[in-house]
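Enquirer: Letter by letter, the chains look like this.
4 protein chains.
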Amino acid sequence: MSRPLGVAVIGYSFMGKAHSNAWRNVGAFFPQTPPVRQQVLVGRDAEAVRAAADRYGWQDSATDWRAAIARDDVDIVDVCTPGDSHAEIALAALAAGKHVLVEKPLANSVPEAEQLVAAAASAAERGVRSAVGFNYRRVPALALARGLVAEGRIGRVRQVRASYLQDWLADPAAPMSWRLRRESAGSGVLGDLGSHVVDLVQHLLDDPVVAASGRLRTFVPTRTGPAGPEPVTVDDAAWATLETRGGRIASVEVSRVATGRKNGLTLELYGDAGALTFELERLNELHLHDGLGGPSSGFRRIVVTEPEHPSLHAWWPPGHVLGWDHTFTIQAAELLEAVAAGTDPRPSFADGLGVQRVLDAIERSAHEDGRTQTIHE
Amino acid sequence: MSRPLGVAVIGYSFMGKAHSNAWRNVGAFFPQTPPVRQQVLVGRDAEAVRAAADRYGWQDSATDWRAAIARDDVDIVDVCTPGDSHAEIALAALAAGKHVLVEKPLANSVPEAEQLVAAAASAAERGVRSAVGFNYRRVPALALARGLVAEGRIGRVRQVRASYLQDWLADPAAPMSWRLRRESAGSGVLGDLGSHVVDLVQHLLDDPVVAASGRLRTFVPTRTGPAGPEPVTVDDAAWATLETRGGRIASVEVSRVATGRKNGLTLELYGDAGALTFELERLNELHLHDGLGGPSSGFRRIVVTEPEHPSLHAWWPPGHVLGWDHTFTIQAAELLEAVAAGTDPRPSFADGLGVQRVLDAIERSAHEDGRTQTIHE
Amino acid sequence: MSRPLGVAVIGYSFMGKAHSNAWRNVGAFFPQTPPVRQQVLVGRDAEAVRAAADRYGWQDSATDWRAAIARDDVDIVDVCTPGDSHAEIALAALAAGKHVLVEKPLANSVPEAEQLVAAAASAAERGVRSAVGFNYRRVPALALARGLVAEGRIGRVRQVRASYLQDWLADPAAPMSWRLRRESAGSGVLGDLGSHVVDLVQHLLDDPVVAASGRLRTFVPTRTGPAGPEPVTVDDAAWATLETRGGRIASVEVSRVATGRKNGLTLELYGDAGALTFELERLNELHLHDGLGGPSSGFRRIVVTEPEHPSLHAWWPPGHVLGWDHTFTIQAAELLEAVAAGTDPRPSFADGLGVQRVLDAIERSAHEDGRTQTIHE
Amino acid sequence: MSRPLGVAVIGYSFMGKAHSNAWRNVGAFFPQTPPVRQQVLVGRDAEAVRAAADRYGWQDSATDWRAAIARDDVDIVDVCTPGDSHAEIALAALAAGKHVLVEKPLANSVPEAEQLVAAAASAAERGVRSAVGFNYRRVPALALARGLVAEGRIGRVRQVRASYLQDWLADPAAPMSWRLRRESAGSGVLGDLGSHVVDLVQHLLDDPVVAASGRLRTFVPTRTGPAGPEPVTVDDAAWATLETRGGRIASVEVSRVATGRKNGLTLELYGDAGALTFELERLNELHLHDGLGGPSSGFRRIVVTEPEHPSLHAWWPPGHVLGWDHTFTIQAAELLEAVAAGTDPRPSFADGLGVQRVLDAIERSAHEDGRTQTIHE
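For the protein sequence lines, the chains are Y, D, S and B, in the order given.
If you read the first sequence in the working numbering, its first letter stands for residue 64, the second for the next number, and so on.
If you read the second sequence in the working numbering, its first letter stands for residue 64, the second for the next number, and so on.
If you read the third sequence in the working numbering, its first letter stands for residue 64, the second for the next number, and so on.
If you read the fourth sequence in the working numbering, its first letter stands for residue 64, the second for the next number, and so on.
Think of the hints as simulated: they come from the structure by calculation, not from any bench.
For every residue, glycine included, the Cβ atom is placed at its ideal position computed from N, Cα and C.
Take these hints with a grain of salt, some might be off.
[Stated by the list, open to error] Mimicking DMTMM-like on lysine to aspartate or glutamate, the simulated pairs with C-alpha atoms at most 25 Å apart in a straight line are:
1) K325(S) - E369(Y)
2) K325(Y) - E342(S)
3) K325(Y) - E177(D)
4) K325(D) - E371(B)
5) K325(B) - E348(D)
6) K325(B) - D234(S)
7) K325(D) - E348(D)
8) K325(Y) - E342(Y)
9) K325(Y) - E348(S)
10) K325(Y) - D234(Y)
11) K325(B) - E342(B)
12) K325(D) - E342(Y)
13) K325(S) - E306(S)
14) K325(Y) - E348(Y)
15) K325(D) - D335(Y)
16) K325(D) - E306(D)
17) K325(D) - D234(D)
18) K325(D) - E342(B)
19) K325(D) - E348(B)
20) K325(D) - D234(B)
21) K325(S) - E371(Y)
22) K325(B) - E369(D)
23) K325(S) - D234(S)
24) K325(B) - D234(B)
25) K325(S) - E342(S)
[To be verified] Cβ-to-Cβ under 8 Å is the rule here; a few derived chain D residues that face chain Y:
26) A233
27) S314
28) V320
29) A338
30) H352
31) D432
32) T435
[To be verified] These stretches of chain B come out as covered by chain D in the derived footprint (C-beta under 8 Å, 3 or more residues):
33) 80 to 89
34) 378 to 389
Construct the complete structure from the given sequences, taking the supplied hints into account.
Expert: See below:
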């Protein structure tokens, strides 16, 4: 056999563009993955989605996602819509026997996420694969970090300090939008950026969060919308401390009003024998302190572009750095490898649900004066 | 008039050495301050304190702090002993009509601190001055930061992210000591490093903390003392979120087990028009984002060594950096200036008490599952 | 009209892969450029080039570059072979009326480069375009830097400090290769990395180099080849000071034995009103000192990902960083724009010749004890 | 026996202040050195020098340096005057049997320096010690660097890249001064900052420079003095490449017009097994790449404040950073140790002469179009 795997991407704005880029390029860098064909790009505006499909290398465009899913030449459905439609589309795709990739967050609520996990489990029995798009797991420096933690290079991790800071809402004059209304967005920065951080904490430590204490804040409570001033009903900053099953503590701070931070995801992991630090705006670097060198030890700036580093064999010679979008290409490759191997890819829908439960606990804690909430699996 | 002001320092180990250095050098750099004379260094071991006094430039040494305080030629008493004797010595010195500088933390408990504040207030009516030694207020970069905040260069501050991380207890084999027993030390890293951070938050924002939520952790619960394994009864890491009267939020993380961090005090202040960041291991630098430059804006690395920068006129030409110990010299100068001017120096005992109350609220919160505690003045 | 422009790339290893990536993606990010079609990838090994063509998205592969050039459906010939075949292929392509992009360096010698310039001038009269692939001009941070210099933001530039340091030959056990033989490689690190640096100096300042003094060194004079030890006949490090027509001085240091540097191109420009610094391993950042902020001025870290920054509108939101390979995509876009507009793209063959002449002067100086050599146009 | 060693400092401005600070503090940090007594500070303005002597802790002040040298209670003469009087004062002091410390540069010309070396050699036979004040050898990070090089931690060093950049003359409106006239200053930035760099290159490598090629430039050829516009007769920027006896190459760039650089001394050493980098504005840090960690190697940021690091036992706990002035205190301690031990301190006058000869060769080369000049010992 060997028809290429047909892909449909639902959504064609920011995430649709990033995912299209991944599907267009994955074969060039990961030739061992099964070949893919960019079958159809789906969106609501027929003309706009057709233009996008042309630009991004798609065979076809469409406005009806149900029809797209139903196509025989589509094997993989990649959901890049806003969170409130993730569940509906992904459930339909799984039911149609298509492998599914869902952009993060998996869903807007825990019940929805639970429903997706159940559907994914059932689909898996039929060989249908599903994954959620926490692309930062694919940053080579973070993949390297996870490996170093797993092999004990920094000893047993005790505490993690994490932040994800942006500033696009710092200006009080920034306008109202659907992202700032609870009914459409589900939550604010906690769900948007906090979900990445929580996933990374659990992923890097390989240890689930079991309790959380949190605080939310809306610094700009009213913004001007099309119809005048309107209340902002989601958080624009959030703080939490998380405790894992293994007894580690992670502190988390996320914000959309941190002036000067554009895409400021930072991580610090402190173990009993070393430490790791990372910042997304310098995503090709990892800083490792593992005590080597005795009194002349210190944090080592690793430029993560060596052929031995995760995924780097696929790209360029040492020192030729990758960008943000390459993480999606790696993500596509790992999904394709799982499909080819008949294994379940990660992060799974269950991973996505795990993140959702932690976010939910943080919100509950914030509404109870910070009291720590337990997370039930 | 014009006898130099006589100084007594009580304590001759780490802090005694740092304060001696300040008194020995203050006149060389701040010639406009009243002249001082290093009269007497006080410690419990007669031979050791005599040797220290010789090294550090003191006229005399002594073992009886009461007698030292009583000397006619002593005008300023500088208390560098462990925290559990601060109150007794400072109260005696104030009662004897001597100006008093107390190393931080002001005292080991809120009631002690309250007693000291009352005594200081009464002494102030008689022209007797008192101050607590939060020397990091004197880091020129932080003095500059406070000025920039006050003049609105980063707009109204919304959130602060602060940490103070060290690693001298990271190794589980590090031995038991008095600092790790609650009865002698009062608290762990929260009191030791957290007090600095809380003071800086309140000082930089000029806005008191009114509520706190916290978490404490002892990662290494047993350590080996002279008589074998012994329980560690204080925290070796602590986390808090603080809310100020003005509605700002500050997150705080302090640790003695953060492998690779030696003296890692970091501060990030985010305002609605800019941001400031600082790290103590590079104490001559301040990073400022104030939007200047339009699309080419960004964090500006200010080397805080220009003559216009706080206290810098006293030292060297631009680019000739200061060290950690210079902050004590500046602290001494500011105390002397207040004495000369007949004004009350800052940070005052009341400032020290304010810090103590915040630390106390964090501890209470930690014992109530993270529930936010209100701070009553 | 509107057949897409057909492209042929000659060469399919490192540079062929990077250029293929650019042609595959240029339309997705720069939709206003004329559409292109990846017609044919050319290489000497039929099987290998066919596999590469499949991976990289080419319609066809071929082993005969002359036949590829002659194809009616090929409009652009992109030469990614080693330097010793640049001239022959490019001349043939121009003669065939095809637009030509030649990887840097333009040629292995000044006479060859001169021949190419003449052919390009003659072709330009017939509307045939040519360009040389100094892709680092397309790093957005460097494009921004050039604009800032041009608009006087750092005043008149006086001195430039530049380096390009790698370490793949640091180990004396690294084997002999064609790159280390003068007859095949033309020169060593001077031609390879020095050409980038010299081009950037002239480009950023918009001021040609008119005199040069230099020094060359082969630190490892013998390496082991297939037939045993063999003399290394090119330089593995080089130094130069360059003087421009406008009287600026640039210092240049390039090396393949700078242990720890992977792709370490650094630039510092000092003007009478400010300065700029850049390093390629952090290619999304530019550091600008323009005196803004008065006594609180300093180097500003600009994250060059704002929509106002050069080429950034084509990519992602602020803070979502680009990688090394994106520079080739931008290069392809700018070539296509010139073709569409009927203008001559830059860097031109004349620019490439200019670089060659400077490199030649450095070599001559090195052979005359460092004596400064004048560059004649 | 045991009268403290009496010190006279000649000169009381910038360097006099820094050296006074060292003598005042050396005993507090280096108690094993022989005790010193700050006998007399010497300057031409009686009133000003008296005030300075009071501030800086001197017993006495004086205007006649000959008389000061002759005092029986003076054992060490520390020459902090401008370079044109170094020779005269130092020769007189040695003749009087006093140990001598001379600020760098040793002298304004090679012949003067040779005379001083001869006098020092003769004095040494009588147990009289002499040293030149290249204080940057005492930066703990650089002392550590030298040790690491000596023990082979970066293998055999091949190339060094060094710069010392300041900007106090960047503004063309900066006024004329004696430092910009050849007759008074001897040379420009080459002698002032270049001497530090050349000394460090030779010191860190323990390998003398034997050949040099150079270039000088005066970017602002006319400045306004008290009597109107006047020609600047010294260099304000200089470049050189140096070759050592052992075949290493060092590139040097020094400038007083490098806008944004305040005290920007940077060093990069590349060996065949590793590399070291340093910058003076962060003088507590050394970056070491020694290959530890295999594929996860990289430059390690060593915070040079551990008790095992050079001179650090004398100061504070780990992470408590030193400043620029501490280097002079360490310099004083090392001189005192040599005096006590009856050994010849380093850097010696011969070291100072060695630097002078290299600077002279650079100047000669600059006047011969960059032709390499050999340095004869």
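Enquirer: Hint by hint, work out which the structure violates, then give me just those numbers in ascending order.
Expert: Going through the list in order, the structure violates hints 3, 6, 13, 16, 20 and respects the others.
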